[in-house]
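Given chain Y, put chain U in place with the hints provided.
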Amino acid sequence: MMALDLSQNKHADVSYDEKDRLFEEVKSDERWHHVLYGCYECGICVASCPSARFYDFSPRVIAQAVAREDTDLIYTLMSDSIWDCSQCFSCDRCPRQNSPGQIITIMREVAVKNGLATAKKALEGYGRIIYKIMLTGTQVSPDMLQPDAFPDWGTHVYEIAENLDDWRKALPPETLHTTETSWVIDDKTIIELYLIWHMTGVMDLIAGVDEGLYDIIVDVMEERLEEAGYDDVTFD
Amino acid sequence: MSFSDIPILKAEDRKFTADPTNAPKDDLREELFQLEKEGELEVIRVPENHMELKTKYGRIKKIPVEKTWHHKSCGQCGHIPGYSASIFWLNRQFGLDYHDPTDQTSCTAWNYYASATSNPEAQAAVAIRNFAAAHEVGYFPLIHCGTSFGHYKEVRHALVHQPELRRKVKKIMEKLGKKLVVPEEIVHYSEWVLAMKDRIAERQVVDMSMITATVHPACHYHKLIEEDAIYDSEIYGAQRTAIITGTLQKLGINVGDYSTWYDCCGFGFRHILVSRDFSRSFSVQRKIEVMKEEVNPDITVTHDTGCVTTLDQSQFAGKAHDKKVGLPVMSDSQIAALAMGAHPYKVLQLHWHNTDNKPFLQKLGFDTDKLWAEFQAEIKEIKDGKKQYMSWADADR
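Protein sequences, first through last, are from chains Y and U.
Going by my numbering, 208 is the number at position 208 of the first sequence; the sequence numbering is gapless.
So the number in my numbering is just where the residue sits in the second sequence, counting from 1, plus 1000.
This is chain Y alone, in the form it adopts within the complex (with noise of 0.2 Å):
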């Protein structure tokens, strides 16, 4: 396991400047006083962390640092630590109501919205997964299910993607029977889920992240919004 490094000098290539203003970003999320009241360091966190036991990861570290102030310890940590973490929440056991993952899924989000390199490398391999939950409407789909993109999970791949059209007709709800969507959806439910991404900003996220898959997910969704009678989809 490879330690984390956590000296100031680790990322001194970047400014002060720079690094104090994505944390103001942090700080100015709305979720931002209702995650962090202070630190116990009675390492409750760190005991129920699933990702703790495998990673050189804390979430006592991320609630430290956010609540000292230490800028270029927050830096370090948004540039590493942050894609450990399991999302699992268990850290919100904490004795002082502070939740380190929702810190942490704040401090994603400015590290993506801002596209720093470490989370574009994060998120290497992960466009796939992006384009599908945008296009579709469904995160994961069966036609997933191949034998090389999931080796570990043995030769029972093999026997789904093999036999995965007639196991999907022998479904018995009728919505079930897709192989590219987990179940049927509505054109119309797609559309309004590609004026959602587009009003809410996050396809200005995507572009920061990975401006290929951007292009792709835009011709995709500029044709079905054309085909459903929108000309303009700019909004406030």
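Do not take every clue at face value.
As the list claims (entries may be wrong) - When the alpha-carbon atoms are kept at most 20 Å apart in a straight line, the in silico SDA-like pairs for lysine to any residue are as follows: (1) Lys169/Y with Tyr1389/U; (2) Lys1380/U with Thr189/Y; (3) Lys1175/U with Thr189/Y; (4) Lys1179/U with Tyr1389/U; (5) Lys1054/U with Ser1004/U; (6) Lys1386/U with Arg68/Y; (7) Lys1386/U with Thr189/Y; (8) Lys1179/U with His1161/U; (9) Lys1179/U with Thr189/Y.
Stated by the list, open to error - Listed next, with one range per pair, are the computed distances between beta-carbon atoms: (10) Lys1386/U with Leu164/Y: 29 to 35 Å; (11) Arg128/Y with Ile1060/U: 41 to 47 Å; (12) Glu159/Y with Glu1174/U: 47 to 53 Å; (13) Asp152/Y with Gln1362/U: 24 to 30 Å; (14) Asn1022/U with Arg128/Y: 46 to 52 Å; (15) Asp215/Y with Lys1386/U: 42 to 48 Å; (16) Asp152/Y with Glu1174/U: 44 to 50 Å; (17) Asn1296/U with Asp148/Y: 32 to 38 Å; (18) Ala1320/U with Leu164/Y: 22 to 28 Å; (19) Pro151/Y with Pro1020/U: 29 to 35 Å; (20) Ser1391/U with Asp152/Y: 32 to 38 Å; (21) Gly1365/U with Asp219/Y: 54 to 60 Å; (22) Trp1261/U with Tyr37/Y: 23 to 29 Å.
What the hints assert, rightly or not - Below, a sample of chain U positions facing chain Y; criterion: calculated Cβ distance under 8 Å: (23) Cys1074; (24) Pro1081; (25) Phe1088; (26) Gly1095; (27) Tyr1098; (28) His1099; (29) Thr1108; (30) Arg1129; (31) Ile1172; (32) Phe1269; (33) Arg1270; (34) Leu1273; (35) Gln1349; (36) Gly1385; (37) Gln1388.
Calculated from the structure, these hints are not laboratory results.
We put the CB at the ideal spot given by N, CA and C, even for glycine.
Coordinates of chain U only, in the frame set by chain Y:
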């Protein structure tokens, strides 16, 4: 005053009784109805035909029996579809009015927790769009996925407490031609199963008294907005959620306890997709092996998409490392359906699961070869073009 005057409370005298008037958290529903009075939003009422369960601090939670709009799970429907099929099968067995919508998207929270490529406005808008779709057809949302359930509770909490978020989501809904509607209760399907446990037990045809199970409660069920999870003073002394355990015990199953019950399954959201070494290690070493060593159960039962997937699929690689694996994993809906006589392959669709579940079925007295042959006969009819799909009637034949 001497030491002898100080009353000593013995452990067995310490009975926890939840008192809603002293709850450390406010009742969100009161704030919700107040916002409705002020014209800020509309509350979707729980249908008249409902049952009542108690939450962590003793408050009553209404659980709709029917008129339910099934908010399906992408992971369940996509990779373990017998999970969802069993929920629908139970509804059909009781002749209940339910709706399986096509005007539904995933909650998109799996992606949100994995990649952060979204934001609170988008997440809330996706939730409210789905709630509005349910309300428009006159049904009440019943959430299949544990993460969707936890996430939607967080969304509801944020909408109540953040006027600016409410304003933004309302505006988005207006553009979509929809209203800002929020359910009175956010209800998970396993709460419905628990509420229905007496009726399920009345129709039980498979004796399960020889079975020992372990239970894994999903993190996003009882750790997010924890005051809204179901607790029962008769189960674990109300010191942990009664969900799943209450259902299994009613079916005569012996539920064994194990020391890492609070641990997550290892799903990790992004990890299960792109860093599965973590998921496999955690799932096998902190959950499956501990269950095997401390209880040696016939099965482990859980109530969430990610938990069934991770606990089940991770065991294959564990075999290569001589880990103590080989524990079948199912949902409470599948166990309830099995107890009522559902077909293990046509309804529970156990062939989509990874870990060998035949020893479990055989212990219950099922002839697994015969049952698999029955399923294969359905597949043959589909292949031969004699039928396009297997119907509900075929599943019960």
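Status of the hints after comparison with the structure:
no.: 1; hint: Lys169/Y with Tyr1389/U; result: holds, 5 Å
no.: 2; hint: Lys1380/U with Thr189/Y; result: violated, 35 Å
no.: 3; hint: Lys1175/U with Thr189/Y; result: holds, 14 Å
no.: 4; hint: Lys1179/U with Tyr1389/U; result: violated, 37 Å
no.: 5; hint: Lys1054/U with Ser1004/U; result: violated, 38 Å
no.: 6; hint: Lys1386/U with Arg68/Y; result: violated, 70 Å
no.: 7; hint: Lys1386/U with Thr189/Y; result: violated, 33 Å
no.: 8; hint: Lys1179/U with His1161/U; result: holds, 18 Å
no.: 9; hint: Lys1179/U with Thr189/Y; result: holds, 15 Å
no.: 10; hint: Lys1386/U with Leu164/Y: 29 to 35 Å; result: violated, 20 Å
no.: 11; hint: Arg128/Y with Ile1060/U: 41 to 47 Å; result: holds, 44 Å
no.: 12; hint: Glu159/Y with Glu1174/U: 47 to 53 Å; result: holds, 48 Å
no.: 13; hint: Asp152/Y with Gln1362/U: 24 to 30 Å; result: holds, 27 Å
no.: 14; hint: Asn1022/U with Arg128/Y: 46 to 52 Å; result: holds, 50 Å
no.: 15; hint: Asp215/Y with Lys1386/U: 42 to 48 Å; result: holds, 46 Å
no.: 16; hint: Asp152/Y with Glu1174/U: 44 to 50 Å; result: holds, 47 Å
no.: 17; hint: Asn1296/U with Asp148/Y: 32 to 38 Å; result: holds, 35 Å
no.: 18; hint: Ala1320/U with Leu164/Y: 22 to 28 Å; result: holds, 26 Å
no.: 19; hint: Pro151/Y with Pro1020/U: 29 to 35 Å; result: violated, 51 Å
no.: 20; hint: Ser1391/U with Asp152/Y: 32 to 38 Å; result: holds, 36 Å
no.: 21; hint: Gly1365/U with Asp219/Y: 54 to 60 Å; result: holds, 56 Å
no.: 22; hint: Trp1261/U with Tyr37/Y: 23 to 29 Å; result: holds, 27 Å
no.: 23; hint: Cys1074; result: holds, 4 Å
no.: 24; hint: Pro1081; result: holds, 5 Å
no.: 25; hint: Phe1088; result: holds, 5 Å
no.: 26; hint: Gly1095; result: violated, 16 Å
no.: 27; hint: Tyr1098; result: violated, 11 Å
no.: 28; hint: His1099; result: violated, 11 Å
no.: 29; hint: Thr1108; result: holds, 6 Å
no.: 30; hint: Arg1129; result: holds, 6 Å
no.: 31; hint: Ile1172; result: holds, 5 Å
no.: 32; hint: Phe1269; result: holds, 5 Å
no.: 33; hint: Arg1270; result: holds, 7 Å
no.: 34; hint: Leu1273; result: holds, 6 Å
no.: 35; hint: Gln1349; result: holds, 7 Å
no.: 36; hint: Gly1385; result: violated, 11 Å
no.: 37; hint: Gln1388; result: holds, 7 Å
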